[in-house]
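Following the hints, put chain B in place on chain A, whose structure we already have.
Each chain, letter by letter, is given below.
2 protein chains.
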Amino acid sequence: MAKYTIGVDFGTESGRAVLVDVGSGREITSAVYVYVHGVIDERLPDSGKRLDPDWALQDPEDYIRTFQHTIPAVLEQSGIDAGDVIGVGIDFTACTMLPVKRDGTPLCVLPQYRDDPHAWVKLWKHHAAQPEADQINQTAREMGEPWLARYGGKISSEWFFSKVLQIIHVSPDIYKAADRMIEAADWVVWQLTGVETRNSCTAGYKAIWSKKDGFPSREYFQALHPMMADVISEKMSTDIRPAGQKAGVLTPQAAEWTGLKPGTAVAIANVDAHVAVPAATVTEPGRMVMIMGTSTCHMVLGESEHVVPGICGYVEDGIIPGFFGYEAGQSCVGDHFAWFVENCVPADVKRIAEERHVSVHAVLEEKAAALKVGESGLLALDWWNGNRSVLVDVDLTGMILGMTLATKPEEIYRALIEATAFGTRIIVEAFQENGVPIHELVACGGLPEKNHLLMQIYADVMGMPFKVSASDQTPALGSAMFGAVAAGRALGGYDSIFDAARSMATLKDEYFQPNMANKAVYDRIFNEYKLLHEYFGRGENDVMKRLKKLKAEVIKRS
Amino acid sequence: MAKYTIGVDFGTESGRAVLVDVGSGREITSAVYVYVHGVIDERLPDSGKRLDPDWALQDPEDYIRTFQHTIPAVLEQSGIDAGDVIGVGIDFTACTMLPVKRDGTPLCVLPQYRDDPHAWVKLWKHHAAQPEADQINQTAREMGEPWLARYGGKISSEWFFSKVLQIIHVSPDIYKAADRMIEAADWVVWQLTGVETRNSCTAGYKAIWSKKDGFPSREYFQALHPMMADVISEKMSTDIRPAGQKAGVLTPQAAEWTGLKPGTAVAIANVDAHVAVPAATVTEPGRMVMIMGTSTCHMVLGESEHVVPGICGYVEDGIIPGFFGYEAGQSCVGDHFAWFVENCVPADVKRIAEERHVSVHAVLEEKAAALKVGESGLLALDWWNGNRSVLVDVDLTGMILGMTLATKPEEIYRALIEATAFGTRIIVEAFQENGVPIHELVACGGLPEKNHLLMQIYADVMGMPFKVSASDQTPALGSAMFGAVAAGRALGGYDSIFDAARSMATLKDEYFQPNMANKAVYDRIFNEYKLLHEYFGRGENDVMKRLKKLKAEVIKRS
Numbered sequence: 000m001a002k003y004t005i006g007v008d009f010g011t012e013s014g015r016a017v018l019v020d021v022g023s024g025r026e027i028t029s030a031v032y033v034y035v036h037g038v039i040d041e042r043l044p045d046s047g048k049r050l051d052p053d054w055a056l057q058d059p060e061d062y063i064r065t066f067q068h069t070i071p072a073v074l075e076q077s078g079i080d081a082g083d084v085i086g087v088g089i090d091f092t093a094c095t096m097l098p099v100k101r102d103g104t105p106l107c108v109l110p111q112y113r114d115d116p117h118a119w120v121k122l123w124k125h126h127a128a129q130p131e132a133d134q135i136n137q138t139a140r141e142m143g144e145p146w147l148a149r150y151g152g153k154i155s156s157e158w159f160f161s162k163v164l165q166i167i168h169v170s171p172d173i174y175k176a177a178d179r180m181i182e183a184a185d186w187v188v189w190q191l192t193g194v195e196t197r198n199s200c201t202a203g204y205k206a207i208w209s210k211k212d213g214f215p216s217r218e219y220f221q222a223l224h225p226m227m228a229d230v231i232s233e234k235m236s237t238d239i240r241p242a243g244q245k246a247g248v249l250t251p252q253a254a255e256w257t258g259l260k261p262g263t264a265v266a267i268a269n270v271d272a273h274v275a276v277p278a279a280t281v282t283e284p285g286r287m288v289m290i291m292g293t294s295t296c297h298m299v300l301g302e303s304e305h306v307v308p309g310i311c312g313y314v315e316d317g318i319i320p321g322f323f324g325y326e327a328g329q330s331c332v333g334d335h336f337a338w339f340v341e342n343c344v345p346a347d348v349k350r351i352a353e354e355r356h357v358s359v360h361a362v363l364e365e366k367a368a369a370l371k372v373g374e375s376g377l378l379a380l381d382w383w384n385g386n387r388s389v390l391v392d393v394d395l396t397g398m399i400l401g402m403t404l405a406t407k408p409e410e411i412y413r414a415l416i417e418a419t420a421f422g423t424r425i426i427v428e429a430f431q432e433n434g435v436p437i438h439e440l441v442a443c444g445g446l447p448e449k450n451h452l453l454m455q456i457y458a459d460v461m462g463m464p465f466k467v468s469a470s471d472q473t474p475a476l477g478s479a480m481f482g483a484v485a486a487g488r489a490l491g492g493y494d495s496i497f498d499a500a501r502s503m504a505t506l507k508d509e510y511f512q513p514n515m516a517n518k519a520v521y522d523r524i525f526n527e528y529k530l531l532h533e534y535f536g537r538g539e540n541d542v543m544k545r546l547k548k549l550k551a552e553v554i555k556r557s
Numbered sequence: 000m001a002k003y004t005i006g007v008d009f010g011t012e013s014g015r016a017v018l019v020d021v022g023s024g025r026e027i028t029s030a031v032y033v034y035v036h037g038v039i040d041e042r043l044p045d046s047g048k049r050l051d052p053d054w055a056l057q058d059p060e061d062y063i064r065t066f067q068h069t070i071p072a073v074l075e076q077s078g079i080d081a082g083d084v085i086g087v088g089i090d091f092t093a094c095t096m097l098p099v100k101r102d103g104t105p106l107c108v109l110p111q112y113r114d115d116p117h118a119w120v121k122l123w124k125h126h127a128a129q130p131e132a133d134q135i136n137q138t139a140r141e142m143g144e145p146w147l148a149r150y151g152g153k154i155s156s157e158w159f160f161s162k163v164l165q166i167i168h169v170s171p172d173i174y175k176a177a178d179r180m181i182e183a184a185d186w187v188v189w190q191l192t193g194v195e196t197r198n199s200c201t202a203g204y205k206a207i208w209s210k211k212d213g214f215p216s217r218e219y220f221q222a223l224h225p226m227m228a229d230v231i232s233e234k235m236s237t238d239i240r241p242a243g244q245k246a247g248v249l250t251p252q253a254a255e256w257t258g259l260k261p262g263t264a265v266a267i268a269n270v271d272a273h274v275a276v277p278a279a280t281v282t283e284p285g286r287m288v289m290i291m292g293t294s295t296c297h298m299v300l301g302e303s304e305h306v307v308p309g310i311c312g313y314v315e316d317g318i319i320p321g322f323f324g325y326e327a328g329q330s331c332v333g334d335h336f337a338w339f340v341e342n343c344v345p346a347d348v349k350r351i352a353e354e355r356h357v358s359v360h361a362v363l364e365e366k367a368a369a370l371k372v373g374e375s376g377l378l379a380l381d382w383w384n385g386n387r388s389v390l391v392d393v394d395l396t397g398m399i400l401g402m403t404l405a406t407k408p409e410e411i412y413r414a415l416i417e418a419t420a421f422g423t424r425i426i427v428e429a430f431q432e433n434g435v436p437i438h439e440l441v442a443c444g445g446l447p448e449k450n451h452l453l454m455q456i457y458a459d460v461m462g463m464p465f466k467v468s469a470s471d472q473t474p475a476l477g478s479a480m481f482g483a484v485a486a487g488r489a490l491g492g493y494d495s496i497f498d499a500a501r502s503m504a505t506l507k508d509e510y511f512q513p514n515m516a517n518k519a520v521y522d523r524i525f526n527e528y529k530l531l532h533e534y535f536g537r538g539e540n541d542v543m544k545r546l547k548k549l550k551a552e553v554i555k556r557s
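Taken in order, these protein sequences are the chains called A and B.
Anchor point for the first sequence: position 357 equals 356 in numbering that gives the first Met the number 0, and the numbering is continuous, going up by one each time.
Anchor point for the second sequence: position 206 equals 205 in numbering that gives the first Met the number 0, and the numbering is continuous, going up by one each time.
Source of the hints: derived by calculation from the structure; they are not laboratory data.
Heads up, some of the hints might be wrong.
The list treats identical chains as one, so a pair stands whether inside a single copy or across any two.
What the hints assert, rightly or not - List time: in silico DMTMM-like cross-link candidates among lysine to aspartate or glutamate, alpha-carbon distance up to 20 Å:
1) Lys547 with Asp522
2) Lys529 with Glu539
3) Lys210 with Asp238
4) Lys2 with Asp494
5) Lys366 with Glu341
6) Lys544 with Asp522
7) Lys550 with Glu527
8) Lys529 with Asp541
9) Lys555 with Glu374
Just chain A, with the same shape it has in the complex (with noise of 0.2 Å):
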């Protein structure tokens, strides 16, 4: 008898989830449901109150009906009984964090907090702690502590204790009234199986935690303020636990929202991108996974213990238990094509791409396939969204150099592209010599299916075949990989992480192989990609930062 589990993967506007054959890995049905306040950005529901720039929030009550929705609708469109689910696992967008009482309940749910933003979750990408983040990492350095080494040496405003500290300063009764902060992940699991966890995901990428050192110092979070000093005592758990472990079991009510079972089993949570690692099939060193949407997250797994500068961050047992687990990112990838796209492709080009029923991106990609690698002459620096590996700077912008009166849009489009392979090879690089070797990418994301021509230039720029997941849903493939192994082999799953991803995870039979004639041109090309990465990127001529100080100065006078 078939077994299955159910994956559910909570993202920025929506969750989603997907039921999985145990044994094959098929994806056998999957249903999304649209957060109601999706992201919170301007005005608080029920009371209207004004957020401001940078804010965003999420309603928790969207998370449970996520649950409420998706669940049912995966049991009721595959005609499965919900007997025959063994497990379920969740996974996350990080840090997405929020205050609660000691019962889990949100403090924005309470009508005396309902006003206040702070009582509400902080999405991933609510921005407005940046002032903390400096602090924290101002504080890090006078202080010389050590952990800040193993996030690149710089911590974002996204990540957890700038959230906090944003909270404190500026409501700390929100601070006061919480019994508990926690990020949302771990949230979802505690409504799923009445017991409050903590994952290693979370806890390390975003919450400066180490298996070995565990959380930074009461003396640290003193200094940044009095309020803080008990914080991990106070309103946090120092029992973090690490992905493939079992959380808990549905609780009736749970069972009553979802239609599944009681008792059926939970795993830890996850981070979306760290937990569609193994759905990638990548359970060992070596092979770094690409998550390649808007901006693209590159992790690969290391026997030992590295500092490699620059990079966000690395947590033993992060992604996959036993293994150090390496993450950095490049923050314009997507993104850098979508503005591309709409703000510089003429209207000759448009008008084939409707002429032929394709996209524009599908004319550009055509035209710039027929180019030979160095052909155009053009080198662009790939920063228009800052760079947020290895330099780790949001004040660097985008440059393009190389252009002539002939130059063509599919010559810059494809210069784009490649700025990005060699963005990604820098970080291969910063890898390689700091001891995380890697001989092989795999990808997963939107990207990689609907662009031929960049994975094969990511492939040809860093001499490495580039595979790609089979699954186009990755992160909710690898949640209900972690719930089979959540259920054990005792009942139908798997008893490691290891074990569910030989049988579950698989990859695309078409892979792009590099032309090493194409890298050896690359190879002269990236080298002034090089050149121009350091002379912009550290220091030694910092036009970037001081055209958008002016910026600023001319935007502010006005």
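Below, chain B without anything else, positioned relative to chain A:
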């Protein structure tokens, strides 16, 4: 009784005659003749012989036809009596040159030479003599030729002796058969007057002549090629005469062609850009004339001789008698914006332009004008077509930086305009720092009429008033003015170009005053421009050249 004068401006595709009132400078009427053979760059007329790339020839009979069509036309259109036309002046593109027999007959009209491309007129933009230019420069450097400094250290492939040396190399029989090598400017004056004269403008700017030192030595020419040793004594003339002199009077045959009276005064020939200077009211140092079109030509007068590194050249009596005429250039101005509009402007901007029945430029200009200085955060290097002054390097290419995902097309458009303004400021500062003062700009050419934003940006970047010539056909007006000077005051004209300019040349009332607050911001951006100008332009990072070399390799290989 009113007197009249006619200026004939020989352009690249056509010739234009303008009939002007001597007293007021009022342009009564004009007529254009489009050359039958235009630019000959694919096949020779008659024989159909194929030309190599980079070739550009013309048919001298098109010049005679220009006289035959345009002068009768302006007489007829105006109803003016030919007896009231006191003088004729001409200006020409340069260096545009041809081999002729002793009586002025072009070799290409003689059947025995007609199938040899070297017998035809080599147009200014004939670029096939680059190896010869390289040899000329190399030999000059080796022999320590003092004149090289006058031309910013480099002779162009477009210039006179590059073209002559190509004839010697490839078609020595044509060189032997030619009794004279002559600028087309001087040749058409010869056809009108029956007298061979040579003008100091083309001799100085294009043929390495100076009033003080004459031409390069016999030893130098011999070093280039034994056949060339006596080029000056055998094929040229050392009787070089400044603009403002009378070359002669109309022959009966020329009178028959034109409908003018035999004996009408004809001025010494001139170059289109240079002749525009007095027509733009400038006959004294300090005010730089900019002829702005697809590219920009900068001219300024100096009291004394100064070596200005990287400019095109300076010639005593080259523009206005009694002054050193300094010339510089930017190779990509109008072309720059045209490239952008053709290749980078999205469909919705084009749609707005169509709906409002205005040009895409007009829509972009309006949007760009709404931006504050520094607001875009963008900075470009205007080298899409190389750099003519002061780097003198055709292998430099364009660059732009500062892009974010919020960057809009009009911001890029404005940054391109600003880049050309910064390029002009580099030239202005090179003059100023080397003893050639400049305190005001005067524009003529096609661009100033079309783009007021551009004019204001130039005024702001330079911190100088930017005025505009009242005439939109300044070269023809300037030629007409020199025609009136050739006739002299006794016949109703003027005794000097200074007197003629006072009466005949005017500026528009409206002009562009610098906004000094904007200048203060532009000073900061210009500092950034200079930094990148030096970094990419002076060898610190030759990435542009290396990419261009790679591009040539890649294209060659395929």
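Right, here's what the structure says about each hint:
no.	hint	result
1	Lys547 with Asp522	between (31 Å within a copy, 16 Å between copies)
2	Lys529 with Glu539	both (13 Å within a copy, 15 Å between copies)
3	Lys210 with Asp238	within (10 Å within a copy, 92 Å between copies)
4	Lys2 with Asp494	within (15 Å within a copy, 107 Å between copies)
5	Lys366 with Glu341	both (18 Å within a copy, 17 Å between copies)
6	Lys544 with Asp522	between (28 Å within a copy, 17 Å between copies)
7	Lys550 with Glu527	between (28 Å within a copy, 14 Å between copies)
8	Lys529 with Asp541	both (16 Å within a copy, 14 Å between copies)
9	Lys555 with Glu374	between (43 Å within a copy, 10 Å between copies)
Comparing the model with each earlier hint shows no violations; every hint is respected.
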